Structures are given as C-alpha cells and as structure tokens.
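Participant: Residue strings, one per chain:
There are 2 protein chains.
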Amino acid sequence: MAIIVQKFGGTSVGTPERIMNVARRVIEECEKGNRVTVVVSAMGKTTDELVGLAKQITSSPSKREMDMLLSTGEQVTISLLSMALNALGMEAASFTGWQAGIKTEDVHGNARIMDIDPQRVREVLEAGKVAIVAGFQGVTSHGEITTLGRGGSDTTAVALAAALKASRCDIYTDVTGVFTTDPRVVKNARKLLSVSYDEMLELANLGAGVLHPRAVEFAKNYAIPLVVRSSMVKEEGTLIEEEVSMEENLIVRGVAFEDQITRVSVIGLAESLNGLPAIFASLAKNGINVDIIIQNITGNGTANLSFSIKTEDLEKTIEVLEASRKALGYGKIETETGLSKVSIVGSGMVSNPGVAAQMFIVLADNGIRVKMVSTSEIKVSVVIEDKFMVPAVEALHDAFALSGSEIHA
Amino acid sequence: MAIIVQKFGGTSVGTPERIMNVARRVIEECEKGNRVTVVVSAMGKTTDELVGLAKQITSSPSKREMDMLLSTGEQVTISLLSMALNALGMEAASFTGWQAGIKTEDVHGNARIMDIDPQRVREVLEAGKVAIVAGFQGVTSHGEITTLGRGGSDTTAVALAAALKASRCDIYTDVTGVFTTDPRVVKNARKLLSVSYDEMLELANLGAGVLHPRAVEFAKNYAIPLVVRSSMVKEEGTLIEEEVSMEENLIVRGVAFEDQITRVSVIGLAESLNGLPAIFASLAKNGINVDIIIQNITGNGTANLSFSIKTEDLEKTIEVLEASRKALGYGKIETETGLSKVSIVGSGMVSNPGVAAQMFIVLADNGIRVKMVSTSEIKVSVVIEDKFMVPAVEALHDAFALSGSEIHA
Numbered sequence: 002m003a004i005i006v007q008k009f010g011g012t013s014v015g016t017p018e019r020i021m022n023v024a025r026r027v028i029e030e031c032e033k034g035n036r037v038t039v040v041v042s043a044m045g046k047t048t049d050e051l052v053g054l055a056k057q058i059t060s061s062p063s064k065r066e067m068d069m070l071l072s073t074g075e076q077v078t079i080s081l082l083s084m085a086l087n088a089l090g091m092e093a094a095s096f097t098g099w100q101a102g103i104k105t106e107d108v109h110g111n112a113r114i115m116d117i118d119p120q121r122v123r124e125v126l127e128a129g130k131v132a133i134v135a136g137f138q139g140v141t142s143h144g145e146i147t148t149l150g151r152g153g154s155d156t157t158a159v160a161l162a163a164a165l166k167a168s169r170c171d172i173y174t175d176v177t178g179v180f181t182t183d184p185r186v187v188k189n190a191r192k193l194l195s196v197s198y199d200e201m202l203e204l205a206n207l208g209a210g211v212l213h214p215r216a217v218e219f220a221k222n223y224a225i226p227l228v229v230r231s232s233m234v235k236e237e238g239t240l241i242e243e244e245v246s247m248e249e250n251l252i253v254r255g256v257a258f259e260d261q262i263t264r265v266s267v268i269g270l271a272e273s274l275n276g277l278p279a280i281f282a283s284l285a286k287n288g289i290n291v292d293i294i295i296q297n298i299t300g301n302g303t304a305n306l307s308f309s310i311k312t313e314d315l316e317k318t319i320e321v322l323e324a325s326r327k328a329l330g331y332g333k334i335e336t337e338t339g340l341s342k343v344s345i346v347g348s349g350m351v352s353n354p355g356v357a358a359q360m361f362i363v364l365a366d367n368g369i370r371v372k373m374v375s376t377s378e379i380k381v382s383v384v385i386e387d388k389f390m391v392p393a394v395e396a397l398h399d400a401f402a403l404s405g406s407e408i409h410a
Numbered sequence: 002m003a004i005i006v007q008k009f010g011g012t013s014v015g016t017p018e019r020i021m022n023v024a025r026r027v028i029e030e031c032e033k034g035n036r037v038t039v040v041v042s043a044m045g046k047t048t049d050e051l052v053g054l055a056k057q058i059t060s061s062p063s064k065r066e067m068d069m070l071l072s073t074g075e076q077v078t079i080s081l082l083s084m085a086l087n088a089l090g091m092e093a094a095s096f097t098g099w100q101a102g103i104k105t106e107d108v109h110g111n112a113r114i115m116d117i118d119p120q121r122v123r124e125v126l127e128a129g130k131v132a133i134v135a136g137f138q139g140v141t142s143h144g145e146i147t148t149l150g151r152g153g154s155d156t157t158a159v160a161l162a163a164a165l166k167a168s169r170c171d172i173y174t175d176v177t178g179v180f181t182t183d184p185r186v187v188k189n190a191r192k193l194l195s196v197s198y199d200e201m202l203e204l205a206n207l208g209a210g211v212l213h214p215r216a217v218e219f220a221k222n223y224a225i226p227l228v229v230r231s232s233m234v235k236e237e238g239t240l241i242e243e244e245v246s247m248e249e250n251l252i253v254r255g256v257a258f259e260d261q262i263t264r265v266s267v268i269g270l271a272e273s274l275n276g277l278p279a280i281f282a283s284l285a286k287n288g289i290n291v292d293i294i295i296q297n298i299t300g301n302g303t304a305n306l307s308f309s310i311k312t313e314d315l316e317k318t319i320e321v322l323e324a325s326r327k328a329l330g331y332g333k334i335e336t337e338t339g340l341s342k343v344s345i346v347g348s349g350m351v352s353n354p355g356v357a358a359q360m361f362i363v364l365a366d367n368g369i370r371v372k373m374v375s376t377s378e379i380k381v382s383v384v385i386e387d388k389f390m391v392p393a394v395e396a397l398h399d400a401f402a403l404s405g406s407e408i409h410a
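If you read the sequences in order, they're chains A and B. The first sequence begins at 2 in this note's numbering and counts up one residue at a time. The second sequence begins at 2 in this note's numbering and counts up one residue at a time.
Do not take every clue at face value.
[Unchecked claim] Some chain B residues near chain A, calculated using beta-carbon distances under 7 Å:
hint, residue
1, Pro62
2, Thr73
3, Val77
4, Leu81
5, Ser83
6, Ala85
7, Asn87
8, Ser95
9, Gly144
[What the hints assert, rightly or not] Heads up, simulated DMTMM-like pairs for lysine to aspartate or glutamate below, C-alpha to C-alpha not over 25 Å straight-line:
hint, chain 1, residue 1, chain 2, residue 2
10, B, Lys388, B, Asp314
11, A, Lys130, B, Asp107
12, B, Lys46, A, Glu50
13, A, Lys372, A, Asp387
14, A, Lys56, B, Glu29
15, A, Lys311, A, Glu378
16, A, Lys311, A, Asp49
17, B, Lys130, A, Asp107
18, A, Lys221, A, Asp175
19, A, Lys56, B, Asp49
20, A, Lys192, A, Asp260
21, A, Lys64, B, Glu124
22, A, Lys166, A, Glu127
23, A, Lys46, B, Glu18
24, B, Lys64, A, Glu18
25, B, Lys56, A, Glu50
26, A, Lys372, A, Glu386
27, B, Lys64, A, Glu92
28, B, Lys46, A, Glu18
29, B, Lys188, B, Asp399
30, B, Lys221, B, Asp116
31, A, Lys46, B, Asp49
32, B, Lys104, A, Glu124
33, B, Lys56, A, Glu92
34, B, Lys64, A, Glu124
35, A, Lys286, A, Glu106
36, A, Lys388, A, Glu316
The hints are simulated quantities; they were obtained by calculation from the structure and are not laboratory data. Model, not experiment: these values are computed from the prediction. Glycine included, each C-beta is placed from N, C-alpha and C at the ideal position.
Required output: the full structure, derived from the provided sequences and hints.
Facilitator: Below, the structure is given as structure tokens:
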C-alpha cells in the first residue's frame, strides 16, 4: 500500500464546513487504496488572532512564548479534522508536532527540522487509520515547542513524506497549480503540468508564492514527488519531480516577478579582501536579505558595489552601512527605489546560451532599460523600473511561447 | 526560599488586561521573597468556544480529540501570562501539562493525575524565574494528551504544590473566601478565616462551589495548606488546613444547600443480598450520582428503598430501574420532586452528639418537615421541600451562631 501525504493550508481549513470538505478529500484518497497522512495549518485567521492577543500584552513577546501560543492554532485544526473524519465513518488520530516526532533545532520562531521519528504516525497508518499531523511545529531535544516559520506546514508535509517513505506529497492550496506566470497579472498565463524541483525553486524564490522554497528543497533532497493542486476545484495539479518527463522541454518555463525592489550602491569602496564579507555579514546579522550583487573595479584602487534589497529594508540597510562607514572606508551611498525584478526560469537554459541575449532583445524592443542583471544555470533576472514590470512580463511570456494552450511537460 | 503555587481561574485571566493584573499579583508574591509557580485555566469563554467548534463538526466527538482540542485553551493563557510577566520585567517560562511532567491515567476527558515529575518547573524556579503551568491537562505514559475534567485546574495546582513541596497553594477565584453559607442567599453569611480539609470537603461537595472536592482531597492527602482568595479584591482569604488553629471552634462552621433534588423510592423490593448492589451499580454505570440512601425492612419479607438524586437525572434513573425491574423484583417506584437538601457542617460535631437534635428542633420550630436525613461525622443533611430551603438555611445560620461578625477560627 502506498503512503500519500496531503497538506491543506489555512484557507482550506478555514471553517468547520471546509474541514468537512477536506475530510471528504482525504477519504477519496483512502478509497483509492492508499494510506493517508494529513498535515494541516491553523484555521484561516487563527494565527493573526493569536498574534493580536499577544500584541495586547506586549509589543515584544519572547519568541519561545510566541511558539507556545501559535502552536495551539494547528492543534485545534488537527482535532477538528480528526472529528470530521470520524463523523464520516473513517478512523483517524491526530498528533501535535512533538507527538509526531518532529524534532527541530533549538531555535524559536524559525526552527529547521533536524529529524523525524514518525513511529506513532506509522502505527496509526498500519492500523488502517488516517494520521493527522499539526504542521508548522516541532519540538527540540529539550522538549521545547518550536515553530518552523514561513512555509512551515509545507515543510512539515514534505519532511514527513520523506520520513514515511511516501510515494507522493500533495500540497492542496487555493490555486490549481503552478503557472507560467501570475495569472492575476498576465491573462495568458498557463498552468504547467510538471516542473522540475530546480525550476520550482527558482519560481518559488521569485515570488510565485505557491510553495515555500524550503519545502521544495527538502523534496528535492529526498526525491519526493510533489503535487500542487486546488482544495476547492477538482482538477489535475502540477507535478514537481526530478526531471520533467518529455525531452521537448520548453526552454523557458515560467516568468516570475517582484516589485518593491531598491538598488543600493556603495561608491568608492576601498579595495580590501575584507570589505565585501564585512558588509554582507552585517546585513545578514540584521536580517536583511540581499538578492543581486554586482561589483566592479574602478581602476583607481577603489570599487563600486551595487546590490538589490526589498524596499522595506532600505532604512535599516542605510543604518547598517552608516554604522560601519569608517571600518569600510567608502565614499558615498546611492540608492534607487521604485524598481522591480523580472526573471525567466527554465532548466532548458543550460544548453541554450542564447536565452539571456533573447531576453535583452525583447526588453530593448519594448523600450525597457535593464538596471541590473543576474544569471544562474536555469534563470536570468533583470532589475527594471516598476512601471515596466507588467509589460516586460507580458512581452517575455509571449516571446518565449508560454502563452499557448495548457503546457504538457 | 519558600515555594508558593498560585492558581488563577478562567474569569481571572479572561482578557489581556486581566492577565496583566494576574502578572502583577504574581510579582507581588515574588517580591515577598518567594518562588512562584502559577497554574492557569483557559481564558473566560475559550473552552465554550472550542466546544462550539467541535459541535459544528459532529455531535459526538471522540474524547481523545476533545482533549486535544480543549488543551489548547490553557496553552494560550500560559504563553500570554509569561509574556505579561516579561513585559513587567519578570523572567518567566510557560509549560504545557506534558512539559510540566503531569502524568495521568490513560483515560480521556476525566483523567486522574498519577504522578508529577516537575523537573523542568524546578529548574526554572531555581533560576529565579516564575514557572507557569497549564492547568486541567496532563499526558499519559503513551504520550497522549489528557484533560482532568471538572475542577481540573485546582487539582493541577494542588498536585503540583505537593510535588514541589510548596509551603502553600493559593486558589485565586471570583469570591473572597469560603463563607458560612452562600452570601448571595443569606445576607448574614460570614467569611471563614479558616476551615479544615474535611469541613471544606463537605462544604465543596454540598455545592459551596468555590473549590473542587478532588483538589481538597489531594491537599488533605499531602497536607498542603490551601488559601481561597479573590483575584480582584485585595483581602485576606480563607485558609484550609489540617486542624483549625484554636480550640474554641464553633461546632457548626457552615450551612450548605442545594435545590433540584428528587427522592426516588423503590417499594416492595425483594429481600436479597444482591438487590442493593445491582441497583446502585446500574445507576453508577449510567453516570447517575446518588446522594442520600435510606433502606428499611417492611416486615413482610420485602424492603422499601429511598434515595436522592439530582432532578435532572430523574428520567434516566427511571429508565435504568425499569430496565432491571424483573431482575430486581420490586413492586413499584415512587418519586417526589421539588426538594432541597440543607446541611450543617463542622468538625466540632463529632464530640457534640446533640447537634443533629438541635437542627431538627430549629426546623420543627419553623414548621419545616424533614423528608430524609443523612449524617456523617462532621455533617448532618436533611431533605426538605424547595420552598423551605432559604428559611431553613437562615434559621440554622442564626441558631448555630454563624451570623456574628467575621469568624476567626
């Protein structure tokens, strides 16, 4: 008998009625002869409500106590889903993170899973019941309750699938799958029937938002096939696996984009081996994510450094840089806000050196100036002005032939 | 340094503002040089809301899943109280039942505490912090979450006080202490400054309602001094300990009462050794609590049996008796509803044989007919008509000199 892990997010379990719907979905999978483990998030707005309670007490709650507080959200959902399955005649048992043996590092608010000992889950599955596990939470070796941070429930589902040697992990969400680009923005966006882990990683990192990159990485490392599909609409989703099945791959499989980008330039940086590490270590320590980094030498013994950040981090970035001005010895800082990042993604790019050039041509044809460029084996990203973001996405989507009918890998 | 356990009920922690007040109370106790462990219930209506959610799913949720669901209520409170203490500059750490080592029997919904291993709580206290423990919940040897049923948080507090060898357990509630009778009914009711465990047990069992009998029994077994006091009003409470401190005890220390009582009589019961056990075993199996039991032999080889129950259990009681009519071989069943029970309680009674007689005289003087009588070493209970309940309580309260100024034990 195959083991399937299903994960349902907060919207899918937002009301008792929706929880009954989820229970029906679970039973359908059982009726195919599979053993099912379900991972769920907190109901709809529960997490926000709990955060609101904490804020009424203090503006700076300890992370340990926030984990204690927030982990109750999933615990409510697992018990209700178990009751719903019982009510529909299916035996089930729910487990909190610590009961399911989800062991994390000793960090609060954003812990990583170190190990899973799913003995109790396995016992329940072997007894022919459905096992329900609280997503987003785990326990340290000292018995402290931890939460996994953003995308935590996706990660729980994938990690559990790996530990249980599941044949598949289905991520039920409020979209029907992974698209060539955001269908809310580009009318011609098409659902992909399959993508590779790496492509999904780039799409997820680039704001496609369906699935958290941590979960995709985990799935890739343990070769767990993932399916992203809708909990509301019955329709085939997108399969994410090692290699897409047919050779007739499209070179570019998706266009991702993200606004609210700022470029920061540090001009006249004294040339020394320690400059770069010092800057980026300080920024990382302050929780600022740096994306694209470009450095060039001016020829007069100094360097100019540019990097892109989220605009919301601008103030803090300037603070950090000013604080280490003397140690770094740079001339001045320049910033440019109102920028966006647009990326094309596809594993076919590796063997098609002309793809970046084609992207630049399409942008130039549309009168769009490129401010920064970054490339990886399966991605080319450009930073452009905000106002050009949507036209650029649309032009690239058309140019790379993504706007056809549904794309079969 | 003395260890004090404080327990705050649902009303006392009903809002974030009240939780801040509780935190101030905790800090006051710390400032006296004591180490403090706090046990809390779920916030105000939380438990009702969770039960409401479950009812939207199914009318008969499994007890295991109800425990999983309800135990989240206290977990929310402990984290918020810990945050509140932090915000006021006091270090604290919260613990769920399983984290605090509260081990229960393998029963859901109404588990008894088997053992407590409060190692983590002790470590926190030794580090000079406040330990906060979720009341009402524990864990089985198989790692299953259980709840303790009615009065569970009181029991958690007392059991933890025993395990920590605390010098005192303070039960903060919405009344200022234990009274000679219900102050909402009898204007002259007076607060007792101390009572013995046994007196408190009788008062608690008789509907004084301040403290659950299970918690009092636990305190008696482990000789933990209990104090019942108000979380709102700053005023000395009632101390419950082994022996009240002065010899000049009042013989009667309280008058308890309870309405909605029904007398059930089984007439012409075949005289056999098995009749009584059979009846009461069936009633117990159906969750019906029997209070006073009277049996007398008629002389013609049959017996008449009377017992009192809560009126709400009448229908079920008749059902149970009818179902075993053949096996028991009785003539008929008679019932009388609209009754009340009034009891006088006091450990001084043991050495004062005239107390029951004095009670009957007071009642007779007031024209009140006694329907049933039951006595213990420290209690005399009578069943009378509902309409006489309050006059009987008032007359007894006066007659036994309880209506003076505040009573110092």
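Participant: If a hint holds in the structure, say so; if it does not, say that too.
Facilitator: Here's how the hints hold up against the structure:
1. Pro62: Given a least distance of 4 Å, the restraint on B:Pro62 holds.
2. Thr73: With Cβ-Cβ at 4 Å, under 7 Å, it holds.
3. Val77: At 5 Å from the nearest chain A Cβ, B:Val77 passes the 7 Å test, so the hint holds.
4. Leu81: holds (5 Å)
5. Ser83: holds (5 Å)
6. Ala85: Holds, because the Cβ-Cβ distance from B:Ala85 to chain A comes to roughly 5 Å (cut-off 7 Å).
7. Asn87: Holds - the Cβ of B:Asn87 comes within 7 Å of chain A, reaching about 6 Å at its closest.
8. Ser95: holds (5 Å)
9. Gly144: It holds, given that the least Cβ distance between B:Gly144 and chain A is near 6 Å, below 7 Å.
10. B:Lys388 with B:Asp314: holds (21 Å)
11. A:Lys130 with B:Asp107: Given pair A:Lys130, B:Asp107 holds - Cα atoms ~20 Å apart, limit 25 Å.
12. B:Lys46 with A:Glu50: Holds: B:Lys46 and A:Glu50 sit about 15 Å apart, inside 25 Å.
13. A:Lys372 with A:Asp387: holds (11 Å)
14. A:Lys56 with B:Glu29: Holds, because 24 Å separates the two Cα atoms, which is no more than 25 Å.
15. A:Lys311 with A:Glu378: Between A:Lys311 and A:Glu378 the Cα gap is close to 24 Å, so the pair holds against 25 Å.
16. A:Lys311 with A:Asp49: Cα-Cα ~23 Å, so holds.
17. B:Lys130 with A:Asp107: The given pair, whose Cα atoms are some 20 Å apart, holds under the 25 Å limit.
18. A:Lys221 with A:Asp175: Answer holds: A:Lys221 to A:Asp175 is near 23 Å, not above 25 Å.
19. A:Lys56 with B:Asp49: holds (23 Å)
20. A:Lys192 with A:Asp260: Holds, because 22 Å separates the two Cα atoms, which is no more than 25 Å.
21. A:Lys64 with B:Glu124: holds (20 Å)
22. A:Lys166 with A:Glu127: Since the Cα atoms of A:Lys166 and A:Glu127 sit roughly 14 Å apart, the hinted pair holds (cutoff 25 Å).
23. A:Lys46 with B:Glu18: Measuring from Cα to Cα gives roughly 22 Å; hence the hint holds.
24. B:Lys64 with A:Glu18: Holds, at about 21 Å.
25. B:Lys56 with A:Glu50: holds (21 Å)
26. A:Lys372 with A:Glu386: The given pair, whose Cα atoms are some 8 Å apart, holds under the 25 Å limit.
27. B:Lys64 with A:Glu92: holds (13 Å)
28. B:Lys46 with A:Glu18: Holds. B:Lys46 to A:Glu18 sits at ~22 Å (cutoff 25 Å).
29. B:Lys188 with B:Asp399: holds (11 Å)
30. B:Lys221 with B:Asp116: holds (17 Å)
31. A:Lys46 with B:Asp49: It holds: about 19 Å lies between the C-alpha atoms, which stays within 25 Å.
32. B:Lys104 with A:Glu124: holds (22 Å)
33. B:Lys56 with A:Glu92: Measuring from Cα to Cα gives roughly 18 Å; hence the hint holds.
34. B:Lys64 with A:Glu124: holds (20 Å)
35. A:Lys286 with A:Glu106: Holds: A:Lys286 and A:Glu106 sit about 19 Å apart, inside 25 Å.
36. A:Lys388 with A:Glu316: Answer holds: A:Lys388 to A:Glu316 is near 23 Å, not above 25 Å.
No hint from the list above goes unmet by this structure.
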